[in-house]
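Sequences listed follow chains A and B, in order.
Here UniProt numbering is used: the first residue of the first sequence is 1, the next is one more, and so on.
Here UniProt numbering is used: the first residue of the second sequence is 1, the next is one more, and so on.
If you are wondering where the hints come from, they were derived from the structure by calculation, not from laboratory data.
It cannot be assumed that every hint is accurate.
[Said to hold, decoys possible] Okay, derived cross-link-like pairs now, EDC-like style, lysine to aspartate or glutamate, Cα gap no bigger than 16 Å in a straight line:
#1 A:133 x B:172
#2 B:133 x A:172
#3 B:133 x A:114
#4 A:133 x B:255
#5 A:190 x A:114
#6 B:116 x B:255
Since this is a predicted model, take the numbers as computed values, not measurements.
Number of protein chains: 2
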Amino acid sequence: MRLATVNIDGLPHAVVETSRGFVDLPFSSVRDLLEAPSWRTIVERHLLDDVLVPVDSATYLPVVLAPHKVICCGHNYRDHIIEMGRELPSFPTLFTKYADSLAGPYAELSFNSESKEIDWEAELAVIVGAEVKNCTPEQALSAIAGYTISNDISMRDWQRRTLQWFQGKAFDASTPLGPVLVTPDECDPKAGLAISCQVNGETVQSGNTSTLVFDAAALISYISRFTVLRPGDVILTGTPGGVGMARTPPRFLADGDVLVTTIGGIGELRNHISIPN
Amino acid sequence: MRLATVNIDGLPHAVVETSRGFVDLPFSSVRDLLEAPSWRTIVERHLLDDVLVPVDSATYLPVVLAPHKVICCGHNYRDHIIEMGRELPSFPTLFTKYADSLAGPYAELSFNSESKEIDWEAELAVIVGAEVKNCTPEQALSAIAGYTISNDISMRDWQRRTLQWFQGKAFDASTPLGPVLVTPDECDPKAGLAISCQVNGETVQSGNTSTLVFDAAALISYISRFTVLRPGDVILTGTPGGVGMARTPPRFLADGDVLVTTIGGIGELRNHISIPN
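Please work from the sequences and hints to get the whole structure.
So this is what it looks like as structure tokens:
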């Protein structure tokens, strides 16, 4: 199944996609839905209904609203690590964003003038569907609600001001997430999903989720050894090669750019970039 | 005024300390109280009441429950930076914890066997009292609800597994916070508050908040340039010299240790350490 959080008449709603359109669910966001232990059954029951809601791109919100935790992994695409001449890591490199960092999948991303080096990072995002603490990778796998797309937009100048990346990663409304959560029965990143990023139609990143060093279940299991994860929490799994900072010369997002982030089987994010002069 | 969050008959309550004892407030935690724009007036009105509630050390909860953001600053005590031969930083080094990371001021801190290098970091904590975004240091100063004590307990082995410290800083229930929030009219860290940490009665850290490179207002102003801060959010301001990792040989917390963290004019945290063999 494919779930989304959309704005209907000014209020957020969880919806499920069908071949006929979107069916409304009695929850104000996908996170609220996932907090119901029997959420799969609830969605299946509503799929029998015929109450369709109109959904256009302007109505999409971040697929999860107000997650408690948004945890990101860096250095996680095997082919990119090897091409950079680095060793494969023994442990995942983890940092954080906030619910405030998130933006809609088709939102205009409007930045203030604080950063001069706004960069892209196409990423597979995993949405947690059950509470887990100290879980094995097998338990983690069954706690995954589904997968979606994100772009871990990074302010490189802020990210490199100190040793800790957080301040360059947590700008408000910088990180599009969506458009839909696709459940694991319809989507298997381990088997391989093409992931790419385009700026103004030019492909700048291209990779495959089968080359993740730490897959979704491994990341959730590892994180759960130090902190609890709950329904709606978001894990960003890292980005393949091709970020703007690593180009010669470096290239960053500019006012008016159109950023498209695509993962096969899930869909795409499409975000216009607005940066004041 | 001095505010606390305590457990009364199994439910959390915000209370205010008076010379006669603690007066109950109609909020379930200091964060809920701070979300009321007129919180100072509300507390003053209740101070006229004579309804005292019994408070002993077992009833203290983290002074703020469920903050949206817990942001920490590293490398921030001038004397310690200079004694280590480092340059004073141009920007604050920031990383994060979670509401789940917090523990009561007198709680037993029970760790699992994941870390073998559990270290102390006595810190002044600042509690935000109003929503701020892109604020000046002057605006930040008037948005401070007050000050309290924390110990940024750090799992050094996890902290150093990768370049990003987060995974060694965000173990659940690792970070005592409290016992009271003291409002700025009664507490001025810039003028200088003695801060110290004792393990089993031995003083291992001793510093003064007047030597902070980035003071509370500077940190809030800086953070607000990339993300909004709200009432109840917590900023940990860094630790003076004397952490266990920097000793020769290194020293870490052991099962049965008693950790006391003291800031003049606020009070002390007293935490028994429990670590399985």
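Now the hints, each set against the structure:
Proximity of residue 133 (chain A) to residue 172 (chain B) is assessed by CA-CA distance (about 10 Å); at most 16 Å being required, the pair is judged to hold. Our distance criterion of 16 Å between C-alpha atoms is met by residue 133 (chain B) and residue 172 (chain A), whose separation comes to about 10 Å. A C-alpha spacing of about 13 Å is found between residue 133 (chain B) and residue 114 (chain A), which places the hinted pair at or below 16 Å, so the restraint holds. The straight-line distance between the Cα atoms of residue 133 (chain A) and residue 255 (chain B) is roughly 23 Å, outside the 16 Å bound, and the hint therefore fails.
Between the alpha carbons of residue 190 (chain A) and residue 114 (chain A) the distance comes to roughly 38 Å, so the proposed pair goes past 16 Å and is violated. Straight-line distance between C-alpha atoms of residue 116 (chain B) and residue 255 (chain B) comes to about 11 Å, which keeps the hinted pair within the 16 Å bound.
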